[in-house]
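**Student:** Sequence:
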Amino acid sequence: MLMICENDHVRNLANFDVLIAKIISYGNHYKPTKGSIQLAALSLVSQNAHASIANVTLLMEQYLHSVSIRELAFETLKQVNKNLFKILRSTTTISEMEMYMLVGSGKVLHSQFASQQRYDFLLDNFCSIIKLLKTNVFYMPKEEGLKIPNLEDFYSILYLKNTEVKRNCAFLSNACIIRNEVMYREANGLVALAATVKMYVKYHYGWESTQFKQIANLVIRKAKAPIKKV
Numbered sequence: 001m002l003m004i005c006e007n008d009h010v011r012n013l014a015n016f017d018v019l020i021a022k023i024i025s026y027g028n029h030y031k032p033t034k035g036s037i038q039l040a041a042l043s044l045v046s047q048n049a050h051a052s053i054a055n056v057t058l059l060m061e062q063y064l065h066s067v068s069i070r071e072l073a074f075e076t077l078k079q080v081n082k083n084l085f086k087i088l089r090s091t092t093t094i095s096e097m098e099m100y101m102l103v104g105s106g107k108v109l110h111s112q113f114a115s116q117q118r119y120d121f122l123l124d125n126f127c128s129i130i131k132l133l134k135t136n137v138f139y140m141p142k143e144e145g146l147k148i149p150n151l152e153d154f155y156s157i158l159y160l161k162n163t164e165v166k167r168n169c170a171f172l173s174n175a176c177i178i179r180n181e182v183m184y185r186e187a188n189g190l191v192a193l194a195a196t197v198k199m200y201v202k203y204h205y206g207w208e209s210t211q212f213k214q215i216a217n218l219v220i221r222k223a224k225a226p227i228k229k230v
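Residues in the sequence shown are numbered consecutively from 1, following full-length UniProt numbering.
You can trust all of the hints, since none of them are fake.
No more than 25 angstroms apart at the CA atoms, straight line, and that leaves these computed lysine to any residue pairs for SDA-like:
{"no.": "1", "residue 1": "K86", "residue 2": "Y139"}
{"no.": "2", "residue 1": "K202", "residue 2": "Y184"}
{"no.": "3", "residue 1": "K134", "residue 2": "G145"}
{"no.": "4", "residue 1": "K86", "residue 2": "E75"}
{"no.": "5", "residue 1": "K22", "residue 2": "A40"}
{"no.": "6", "residue 1": "K161", "residue 2": "N83"}
{"no.": "7", "residue 1": "K222", "residue 2": "I177"}
{"no.": "8", "residue 1": "K161", "residue 2": "A175"}
{"no.": "9", "residue 1": "K86", "residue 2": "I157"}
{"no.": "10", "residue 1": "K78", "residue 2": "D124"}
{"no.": "11", "residue 1": "K78", "residue 2": "F121"}
{"no.": "12", "residue 1": "K82", "residue 2": "L133"}
{"no.": "13", "residue 1": "K86", "residue 2": "A73"}
Keep in mind the hints are simulated off the structure, nothing from the lab.
Start from the sequences, fold in the hints, and give me the full structure.
**Tutor:** Printed below as a string of structure tokens:
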């Protein structure tokens, strides 16, 4: 998923609201024939932008929370795998492939936006380990948490936590798409409408007019280029 600096959207909206406030101060002198830049239409765009940004903020918090919970769970998986490896080494000869499955699944990238594929790999690996243990007649752990049924329960927990992150990521992505439509859609997005309003005020009141000077320097533009996931 691509992450964009949320401050850009908030700043654009704040300046758009200042633009609307200036238009209100013009009173009945502001009478564009184009419906999309009339006061009522601009106010509706502002409301939609506020709602879409608030929704992205909420879903971002939920996504990051689920990522943190998942990371904690997979930290526990590293210790479980280490314990399994010790038992297998003492009870039977373990192949290089089996060793890789156990040791190789121990690393988790320490980043909030670590690759989703990494966690899918860890889950697949853990599932394979459990299948391997089921075929090992020498696997008889004393520790309750390392017994096959409990390992299967732990796998289910990890699976659900990983699925929750995927679901929250999808919700967040959809919310960002909606937000970007409201803010940056060609012709009718918030940024495009702000530019049209400025042009109208410029030609209606004049380049040197107080009305145009009040809004000319309001920065309302496209957001910075997306930042790719770590």
